[in-house]
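Asker: Here the protein sequences come in this chain order: A and B.
Read in my numbering, the first sequence has 187 at position 187, and its numbers run on one by one without any break.
Read in my numbering, the second sequence has 1 at position 1, and its numbers run on one by one without any break.
Each hint should be verified, as a subset may be incorrect.
Dumping the calculated DSSO-like pairs for lysine-lysine here, alpha-carbon to alpha-carbon at most 30 Å [to be verified]: (1) B:Lys252 <-> B:Lys179; (2) A:Lys39 <-> B:Lys253; (3) A:Lys97 <-> A:Lys39; (4) B:Lys253 <-> A:Lys97; (5) B:Lys35 <-> A:Lys97.
Hint data in this document are derived by calculation from the structure and do not stem from the laboratory.
Next come the chains, spelled out residue by residue.
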Amino acid sequence: MSLDDTGARLAAQEAQLVAQVADGNIEQPMTELYRRYAKNLYRFGVQMLGDGGLAEEMVQESFQRLWRSAGRYDAGRGSVAAFLFVIARSAAADIRKRPSSRPLFQAEDYQLPPLPDSADQILNTLILREALDELSPAHAEVLQLILGEGLTQAEIADRLGLAIGTVKSRTFNGMRALRSALGERGIHAA
Amino acid sequence: MPPKGQAELAHPQAADWVTGTLGPDDVVLFQFHLKGCPHCQAAIAEFGQLGQLLRQLPPAAEPPPALEARTIAGVLAAAAADRSSTRAGTRADGMAKVIRFPRWRSRTGLLTIASAVAAAVIAVLLVVPGLGAQKASFAFRLAPPRGSGQAASAPSGAATARQDSSGSWNITLTVRHLKDVGPKRWYECWYVSRDGRQAVSAGTFVIPPSGNGTFPMTSSADPRDFQSMEITVQLPGNGALQRPIVLSGSAKKL
């Protein structure tokens with residue numbers, strides 16, 4: 001079976017789960033959708049709102065809104081993932097606007113990141129995070145130091161006791177592996 | 001795209017450039033170097049777009065395990081409340097037709113008055129936009145837990161929860177004499193079930209130096225499913241309700 005077939009089957013399965021929710025059979029399909037998307041929704045919430053508690057609130061609110069709008073989902077207009085992240089983006093925007101949500105961090109302590117432009121952009125970054133989790137330990141270690149701590153190639157070489165050329169090779173090969181993993185998920189970063 | 005393999009010969013700073021870790025001073029020097037270096041140009045051509053995507057990565061945070069149960073319980077509670085309010089509406093309509101109409105038919109004066117009142121209510125609903133959309137309202141009188149003192153300066157509060165046409169609940173919470181809990185903590189308003197085993201956040205707020213404030217919040221949680229409201233002081237953590245409870249009170253229908 002090709003990757004396209006697998007993707008189409010998954011999309012049909014998820015559309016069926018949303019249809020079951022719309023029909024009032026809520027618990028089992030909603031739990032299945034939660035298990036598929038909660039991690040990425042939560043990460044999105046942390047990114048958008050800068051706080052784990054508010055991200056939890058956003059996840060809860062997103063699934064409540066999914067239940068309320070399940071009857072309006074049209075599989076012909078997009079995937080369940082895109083539908084859910086449009087809902088989540090709206091929930092995050094509402095939570096950000098709520099006066100009681102804003103003062104959790106002083107402005108000088110923490111700058112909220114800008115909201116992404118589209119659900120596709122959100123999905124791409126979340127899928128990228130998933131792909132990163134699947135890299136080999138050597139590649140993941142180097143990329144984690146770059147992305148998590150902002151270290152330069154020279155600083156990583158110093159930290160890990162490696163030649164700087166080795167760090168560079170691991171960085172580039174790690175990025176190639178990532179690009180390949182993204183391609184398998186239908187995202188093509190040149 | 002430059003021939004494959006050229007990127008391997010690039011300067012290490014090309015990797016810093018594409019991943020966004022190159023310092024501002026080095027950026028200037030590297031840009032100068034880049035103009036004359038086909039290997040670095042090849043690295044940037046190959047990895048520039050992916051590097052841009054990497055810089056927008058969300059954090060590698062994991063949702064707390066308890067969030068699944070709370071989320072699903074919240075959806076099921078909202079669905080149950082939706083069903084029960086639909087059933088209540090049907091029953092009330094039926095009673096009006098079966099029981100009241102024969103009595104009114106025998107009392108023409110009462111029927112005339114009732115018709116006039118109904119017409120007036122409909123007129124008000126048409127004239128005041130949104131009023132007809134209000135579905136239900138509840139009030140909470142909030143007081144400190146027993147044994148924590150009832151001095152004049154003791155914390156107190158009140159809240160109303162009104163359902164709008166979209167099904168969401170608009171909460172207006174007013175509190176008095178709450179302590180400043182500092183910049184890294186905040187107050188949180190919760191709905192809590194009668195047995196205390198289920199809690200859903202209705203919103204968070206930070207109290208100004210006066211200790212007093214009014215906070216509008218919106219929640220999809222239905223107060224009928226939870227019966228009481230509690231105000232807690234929260235620390236960053238897993239998002240669960242934390243002790244102590246500062247204020248609490250039961251729901252009363254308005």
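Asker: It remains to establish, for every hint, whether it holds in the given structure.
Answerer: Hint-by-hint comparison with the structure:
no.	hint	verdict
1	B:Lys252 <-> B:Lys179	27 Å, holds
2	A:Lys39 <-> B:Lys253	38 Å, violated
3	A:Lys97 <-> A:Lys39	23 Å, holds
4	B:Lys253 <-> A:Lys97	29 Å, holds
5	B:Lys35 <-> A:Lys97	45 Å, violated
In summary, the structure is inconsistent with hints 2 and 5 from the numbered list given earlier, while agreeing with the others.
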